[in-house]
Amino acid sequence: MADQTIVQALVLGILEGLTEFIPVSSTGHILLAGHFLGFESTGKAFEVLIQLGAILAILSVYAARLWRILIDFPKDEDTRRFVFGVLLAFLPAAVIGVLAYKIIKTVLFETPMLICIMLILGGFVLLWVDRWARSPRYHDITKFPLSMYFKIGLFQCLSMIPGTSRSGSTIVGGLLLGADKRAAAEFSFFLAMPTMAGAFAYDLYKNHEILSAADVKIIGIGFVAAFFAAVLVVRWLLGYVSRRGYSLFGWWRIIVGTLGMIGLLVFG
Numbered sequence: 001m002a003d004q005t006i007v008q009a010l011v012l013g014i015l016e017g018l019t020e021f022i023p024v025s026s027t028g029h030i031l032l033a034g035h036f037l038g039f040e041s042t043g044k045a046f047e048v049l050i051q052l053g054a055i056l057a058i059l060s061v062y063a064a065r066l067w068r069i070l071i072d073f074p075k076d077e078d079t080r081r082f083v084f085g086v087l088l089a090f091l092p093a094a095v096i097g098v099l100a101y102k103i104i105k106t107v108l109f110e111t112p113m114l115i116c117i118m119l120i121l122g123g124f125v126l127l128w129v130d131r132w133a134r135s136p137r138y139h140d141i142t143k144f145p146l147s148m149y150f151k152i153g154l155f156q157c158l159s160m161i162p163g164t165s166r167s168g169s170t171i172v173g174g175l176l177l178g179a180d181k182r183a184a185a186e187f188s189f190f191l192a193m194p195t196m197a198g199a200f201a202y203d204l205y206k207n208h209e210i211l212s213a214a215d216v217k218i219i220g221i222g223f224v225a226a227f228f229a230a231v232l233v234v235r236w237l238l239g240y241v242s243r244r245g246y247s248l249f250g251w252w253r254i255i256v257g258t259l260g261m262i263g264l265l266v267f268g
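Using our numbering, read the sequence shown as starting at 1 and increasing by one per residue.
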């Protein structure tokens with residue numbers, strides 16, 4: 001295995017961890033970076049499977065709270081309602097992800113110009129929503145109406161298009177539906193758990209027969225890098241968006257999308 005490939009996997013893993021939980025599209029960043037680095041993964045599995053590192057990062061950060069939910073689930077109605085709400089939000093992406101899997105992996109993942117366009121458009125949407133004057137009605141993610149959980153799940157389906165952002169779609173959906181900035185980000189963390197775990201399991205099921213030992217090693221490197229980078233981001237993000245909002249990420253998307261578009265036009 002070439003040292004260059006190992007370095008590329010390390011860089012892309014760090015990039016995954018840094019961008020998975022902020023609304024800038026981790027998949028979009030990885031696919032663009034991989035395009036310009038000349039990185040090719042078998043069946044585009046690397047880009048999905050290294051998300052396991054980010055999943056474990058969120059599980060480690062929220063371990064105490066998840067344990068409390070597990071303990072309270074049999075006896076507390078509010079806890080059962082929240083878990084049901086998360087699963088309800090997960091359902092639309094699960095259905096559409098399975099039905100559209102082939103198109104997502106063979107068409108959308110292979111269209112870097114589309115990724116750039118979605119980064120830019122999503123950046124403007126994020127800037128608009130962040131500045132939109134409103135009084136949030138929901139500050140506790142366990143108290144959202146059940147219909148709101150489902151609607152946020154519908155917003156998440158937009159992230160099937162690389163460059164849109166899973167966290168960005170859910171955060172924008174939460175903000176538009178009345179959540180405050182911190183609650184919108186925190187619910188995107190909880191929704192990430194079943195969504196990313198499901199994507200990991202389904203992609204592994206679809207690609208396990210074509211993955212080689214070298215692929216597994218590369219994915220493992222990316223996974224470890226993604227884990228440590230994601231832990232740092234999750235611990236930092238909620239406090240930041242509570243104070244500053246999402247405008248930084250909107251501008252970041254616009255800049256990255258524009259530079260990516262220029263790079264594609266100049267270098268192909």
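Some hints here could point you the wrong way.
What the hints assert, rightly or not - Listed next, with one range per pair, are the computed distances between beta-carbon atoms:
(1) 266 with 72: 48 to 58 Å
(2) 66 with 10: 22 to 32 Å
(3) 36 with 78: 45 to 55 Å
(4) 74 with 106: 36 to 46 Å
(5) 242 with 150: 20 to 30 Å
(6) 63 with 10: 40 to 50 Å
(7) 210 with 263: 39 to 49 Å
(8) 136 with 202: 32 to 42 Å
(9) 36 with 247: 38 to 48 Å
(10) 268 with 135: 28 to 38 Å
Claimed, not checked - Below are the DSS-like pairs computed for lysine-lysine, each with C-alpha atoms no more than 30 Å apart in a straight line:
(11) 151 with 217
(12) 143 with 217
(13) 206 with 102
(14) 143 with 102
(15) 143 with 105
(16) 206 with 151
(17) 75 with 217
(18) 44 with 143
(19) 143 with 206
(20) 217 with 206
(21) 151 with 105
(22) 75 with 206
(23) 206 with 44
(24) 44 with 217
Just so you know, these hints were derived from the structure itself, not from any lab.
The beta carbon of each residue, even a glycine, is placed where N, CA and C say it ideally should be.
Hints and how they fare:
1. 266 with 72: 48 to 58 Å: holds, 56 Å
2. 66 with 10: 22 to 32 Å: With a Cβ separation near 29 Å, residue 66 and residue 10 satisfy 22 to 32 Å, so the hint holds.
3. 36 with 78: 45 to 55 Å: holds, 48 Å
4. 74 with 106: 36 to 46 Å: holds, 44 Å
5. 242 with 150: 20 to 30 Å: holds, 26 Å
6. 63 with 10: 40 to 50 Å: violated, 26 Å
7. 210 with 263: 39 to 49 Å: violated, 30 Å
8. 136 with 202: 32 to 42 Å: holds, 34 Å
9. 36 with 247: 38 to 48 Å: 27 Å Cβ-Cβ, so the 38 to 48 Å window is violated.
10. 268 with 135: 28 to 38 Å: Since residue 268 and residue 135 have Cβ atoms about 48 Å apart, the given range 28 to 38 Å is violated.
11. 151 with 217: Judged against 30 Å, a Cα distance of about 38 Å means the pair is violated.
12. 143 with 217: Not OK: residue 143 and residue 217 at ~42 Å, beyond 30 Å, violated.
13. 206 with 102: Cα-Cα ~10 Å, so holds.
14. 143 with 102: Outside the cut-off at roughly 36 Å; violated.
15. 143 with 105: violated, 36 Å
16. 206 with 151: Holds, at roughly 29 Å.
17. 75 with 217: violated, 43 Å
18. 44 with 143: Violated - the C-alpha atoms of residue 143 and residue 44 are around 38 Å apart, more than 30 Å.
19. 143 with 206: Outside the cut-off at roughly 37 Å; violated.
20. 217 with 206: Between residue 217 and residue 206 the Cα gap is close to 18 Å, so the pair holds against 30 Å.
21. 151 with 105: holds, 25 Å
22. 75 with 206: violated, 38 Å
23. 206 with 44: holds, 11 Å
24. 44 with 217: Holds. Residue 44 to residue 217 sits at ~15 Å (cutoff 30 Å).
Going through the hint list in order, the structure does not satisfy hints 6, 7, 9, 10, 11, 12, 14, 15, 17, 18, 19, 22.
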